[in-house]
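Engineer: The lines below spell out each chain.
Number of protein chains: 2
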Amino acid sequence: MRVGVLGAGQLGRMLALSGYPLGLEFRFVDPSPQAPASKLGDHIVADYEDPDALKRLAECDVVTFEFESVPVKAARKLAETVRIHPPADALGIAQDRLYEKTSFRELGIATAEFARVDDEASFRTALAQIGLPAVLKTRRLGYDGKGQQIIREEKDADTAFAALSGVPLILEAFVSFRRELSVIAVRGRDKDTRFYPVIENEHDAGILSLSRAPARDLDERIRREAEDYATRLLDRFDYVGVLALELFDLEGRLYANEIAPRVHNSGHWTIEGARTSQFENHLRAILGLPLGSTEALGPAAMLNLIGKVPDPARVLDVVDAHLHDYAKEPRARRKVGHVTVRAPDAAILEERIQTLKTLLL
Amino acid sequence: MRVGVLGAGQLGRMLALSGYPLGLEFRFVDPSPQAPASKLGDHIVADYEDPDALKRLAECDVVTFEFESVPVKAARKLAETVRIHPPADALGIAQDRLYEKTSFRELGIATAEFARVDDEASFRTALAQIGLPAVLKTRRLGYDGKGQQIIREEKDADTAFAALSGVPLILEAFVSFRRELSVIAVRGRDKDTRFYPVIENEHDAGILSLSRAPARDLDERIRREAEDYATRLLDRFDYVGVLALELFDLEGRLYANEIAPRVHNSGHWTIEGARTSQFENHLRAILGLPLGSTEALGPAAMLNLIGKVPDPARVLDVVDAHLHDYAKEPRARRKVGHVTVRAPDAAILEERIQTLKTLLL
Chain A
1 MRVGVLGAGQ
11 LGRMLALSGY
21 PLGLEFRFVD
31 PSPQAPASKL
41 GDHIVADYED
51 PDALKRLAEC
61 DVVTFEFESV
71 PVKAARKLAE
81 TVRIHPPADA
91 LGIAQDRLYE
101 KTSFRELGIA
111 TAEFARVDDE
121 ASFRTALAQI
131 GLPAVLKTRR
141 LGYDGKGQQI
151 IREEKDADTA
161 FAALSGVPLI
171 LEAFVSFRRE
181 LSVIAVRGRD
191 KDTRFYPVIE
201 NEHDAGILSL
211 SRAPARDLDE
221 RIRREAEDYA
231 TRLLDRFDYV
241 GVLALELFDL
251 EGRLYANEIA
261 PRVHNSGHWT
271 IEGARTSQFE
281 NHLRAILGLP
291 LGSTEALGPA
301 AMLNLIGKVP
311 DPARVLDVVD
321 AHLHDYAKEP
331 RARRKVGHVT
341 VRAPDAAILE
351 ERIQTLKTLL
361 L
Chain B
362 MRVGVLGAGQ
372 LGRMLALSGY
382 PLGLEFRFVD
392 PSPQAPASKL
402 GDHIVADYED
412 PDALKRLAEC
422 DVVTFEFESV
432 PVKAARKLAE
442 TVRIHPPADA
452 LGIAQDRLYE
462 KTSFRELGIA
472 TAEFARVDDE
482 ASFRTALAQI
492 GLPAVLKTRR
502 LGYDGKGQQI
512 IREEKDADTA
522 FAALSGVPLI
532 LEAFVSFRRE
542 LSVIAVRGRD
552 KDTRFYPVIE
562 NEHDAGILSL
572 SRAPARDLDE
582 RIRREAEDYA
592 TRLLDRFDYV
602 GVLALELFDL
612 EGRLYANEIA
622 PRVHNSGHWT
632 IEGARTSQFE
642 NHLRAILGLP
652 LGSTEALGPA
662 AMLNLIGKVP
672 DPARVLDVVD
682 AHLHDYAKEP
692 RARRKVGHVT
702 VRAPDAAILE
712 ERIQTLKTLL
722 L
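Chains A and B, in that order, are what the protein sequence lines are. Positions 1 to 361 (this note's numbering) are the ones given, in order, by the first sequence. Positions 362 to 722 (this note's numbering) are the ones given, in order, by the second sequence.
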């Protein structure tokens with residue numbers, strides 16, 4: 001069986017590493033010749049909409065994507081001739097913050113107040129409706145904190161609008177939250193649905209820096225709400241595969257922030273920390289195989305390596321730390337790898353996290 | 362960093378799968394174009410002694426081997442220009458049952474009585490010395506029960522000798538043992554040495570079929586003896602990397618049977634069943650990185666897939682079962698994959714083993 005993947009980044013690399021044991025082969029389409037998954041399958045170096053590349057991808061038994069900004073058109077084109085999971089619709093929603101938040105609202109999933117901004121007039125209307133503080137965001141192609149401007153006071157409004165205008169925008173109420181959580185769901189072709197333990201995420205300058213799983217002191221009601229929200233999205237899209245939902249924890253209430261219709265950075269700890277990794281379960285799902293248990297093996301954390309990979313000897317000297325180097329060129333603010341660390345209990349986990357943090361400075 | 366590997370079989374495949382996360386790349390030499398590791402690195406399709414192939418392997422940062430019958434000459438040649446672990450000497454000993462058993466004796470490691478057989482005269486002398494029952498074996502290239510003849514009665518002797526003569530032989534006393542055990546050790550460049558839990562192995566028609574880890578009802582004294590034997594071998598060879606030692610458990614006494622100077626089939630459960638897999642630890646060792654914990658995560662077992670891979674859906678339907686398909690052509694008596702299964706306790710593990718066994722019939 002051959003799996004086709006749109007994108008050959010680190011997510012594609014980790015999908016392939018978990019797929020070879022299942023007897024799978026991989027074919028990637030990615031315009032970057034040095035993409036991290038390049039050595040782990042046939043890599044077609046081409047634009048995502050290149051007709052020849054898509055034709056060769058359609059020769060695979062099933063196609064998936066690992067890059068969120070893959071053109072929806074390419075996914076729809078593929079869907080005409082080959083099985084593709086998750087559905088192109090979910091990709092489309094995830095690429096546009098306005099559609100995403102509108103979908104949340106339609107599905108009864110709580111989210112921050114928001115309004116569409118197309119020009120200065122609609123920006124003024126949105127400001128009046130949402131109030132301050134607020135966040136002005138580009139609807140498309142925002143990630144790792146890019147394409148966002150916080151408007152705390154009236155006087156910041158013009159600068160924020162000037163910085164982002166020219167593309168479709170969305171104004172969102174600024175949510176003061178206790179922490180960010182994420183829930184990762186996986187649904188098989190037979191609708192069997194499982195959830196990894198809810199994850200707690202820390203960011204640094206807009207980039208995910210640390211995920212702890214399971215989230216600390218998580219109310220059972222909050223966990224159920226997170227899973228319920230994810231289920232509504234899975235149902236809405238007739239979803240197959242892994243879906244991640246990012247949530248703000250507002251002291252007992254959850255606001256959905258965004259979805260990722262793919263394996264997710266906050267789930268990388270599952271490689272060593274769960275009974276089945278998110279990568280293996282995504283492949284099992286899209287291939288119509290039975291899903292594996294999503295239970296955690298114990299407390300675990302994931303630290304992103306941003307900019308550069310520290311000395312592997314020092315990382316691996318930390319008990320139960322596992323290094324994941326994506327073989328990417330070092331570059332400021334770039335995710336070049338991650339470290340998973342497990343521990344017998346939460347206190348020891350915190351010690352190990354602290355030790356690892358000092359190596360990442 | 363690039364790791365060169367002599368051999369591109371399933372062991373090379375699993376080494377590569379555990380090495381990519383460490384940021385490693387792989388270069389294999391193996392004469393078979395369809396070798397299981399072929400898609401996981403540069404594969405130089407050449408004989409193990411091909412000078413050009415060895416030259417290209419010597420360009421790697423470190424070289425190791427995954428195939429036990431690699432010519433010692435090739436390993437020695439490589440050792441002149443590149444770091445190679447484990448040492449070529451250990452390879453030489455493991456390839457010859459007479460040298461192997463002689464080494465055991467020299468190191469004070471208990472083993473069955475044995476005698477060298479070069480011709481009919483020495484065969485008669487050996488029979489008189491060892492007595493019956495005995496096993497006549499080729500000194501070299503015996504594996505999975507091949508190249509062996511059991512002599513139970515005087516009248517079987519001529520047939521056995523006729524079947525094997527023409528190559529150097531060894532006659533060994535037939536040992537009636539309770540079970541076969543193996544101990545897998547790993548030693549780093551800094552001499553840090555760790556042992557995986559002792560493993561209990563079952564064979565079917567001479568081929569390893571099932572490994573349970575940790576071994577059931579293992580006396581603490583026996584565990585220490587197994588580790589002591591392995592340590593003597595590590596010391597003798599100035600060893601770096603993973604070493605496996607197969608042992609017969611004679612109700613409270615251990616006899617060493619053979620060594621494998623490499624990652625070992627009875628250690629495949631460590632991929633999902635131990636805190637660090639034997640593959641990752643072998644790489645950490647040969648690269649001079651700190652070793653990871655060799656502790657088991659709980660009771661686990663490994664079932665070899667011999668001849669063919671069963672329906673993946675049925676295998677993965679067993680809770681906590683993980684499939685490892687080596688992408689080999691099905692063929693009678695060929696190891697084409699394995700399944701690891703974990704369980705919360707020994708009784709549930711036995712149930713899961715039984716379920717899996719019915720799928721392998």
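Simulated from the structure, these hints should not be mistaken for lab results. Take these hints with a grain of salt, some might be off.
SDA-like cross-link-like pairs, simulated, lysine to any residue; straight-line CA separation at most 25 Å [claimed, not checked]:
hint, chain 1, residue 1, chain 2, residue 2
1, B, K552, A, R76
2, B, K718, B, G653
3, B, K400, A, S293
4, B, K718, B, A707
5, B, K669, A, G292
6, A, K39, B, G384
7, B, K400, A, R314
8, A, K308, A, G298
9, A, K39, B, K400
10, B, K400, A, P33
11, B, K400, A, V318
12, B, K552, A, G292
13, B, K718, A, S293
14, B, K400, A, T355
Engineer: For a C-alpha distance cap of 25 Å, please report whether K718 (chain B) and A707 (chain B) respect it.
Structural biologist: holds (16 Å)
Engineer: Check the hint pairing K669 (chain B) with G292 (chain A) against an upper bound of 25 Å on the C-alpha distance.
Structural biologist: holds (23 Å)
Engineer: Going straight from one Cα to the other, do K718 (chain B) and S293 (chain A) come out at no more than 25 Å?
Structural biologist: Given pair K718 (chain B), S293 (chain A) holds - Cα atoms ~21 Å apart, limit 25 Å.
Engineer: Below or equal to 25 Å on CA atoms is what counts here, so check K39 (chain A) against G384 (chain B).
Structural biologist: holds (12 Å)
Engineer: CA of K400 (chain B) to CA of V318 (chain A), is that 25 Å or under?
Structural biologist: violated (32 Å)
Engineer: When you check the alpha-carbon spacing of K308 (chain A) and G298 (chain A), does it fall within 25 Å?
Structural biologist: This hinted pair is violated, its Cα atoms lying about 28 Å apart.
Engineer: So if I understand the rule, the pair passes when the alpha-carbon distance is 25 Å or less; does K718 (chain B) with G653 (chain B) pass?
Structural biologist: Answer violated: K718 (chain B) to G653 (chain B) is near 31 Å, above 25 Å.
Engineer: For the pair supplied as a hint, K400 (chain B) and R314 (chain A), is the alpha-carbon distance within the 25 Å limit?
Structural biologist: violated (31 Å)
Engineer: Does K39 (chain A) pair with K400 (chain B) here, judged by a C-alpha cut-off of 25 Å?
Structural biologist: holds (8 Å)
Engineer: Straight-line Cα separation of K400 (chain B) and S293 (chain A) no greater than 25 Å?
Structural biologist: Violated, at roughly 29 Å.
Engineer: Given the hint that K400 (chain B) pairs with P33 (chain A), test it: the Cα-Cα distance must not exceed 25 Å.
Structural biologist: holds (17 Å)
Engineer: Is the hinted pair K552 (chain B) and R76 (chain A) satisfied, with a Cα-Cα distance of at most 25 Å?
Structural biologist: Roughly 56 Å between the alpha carbons, so the hint for K552 (chain B) and R76 (chain A) is violated.
In the structure shown, a violation is registered for the earlier hints numbered 1, 2, 3, 7, 8, 11, 12, 14, in ascending order.
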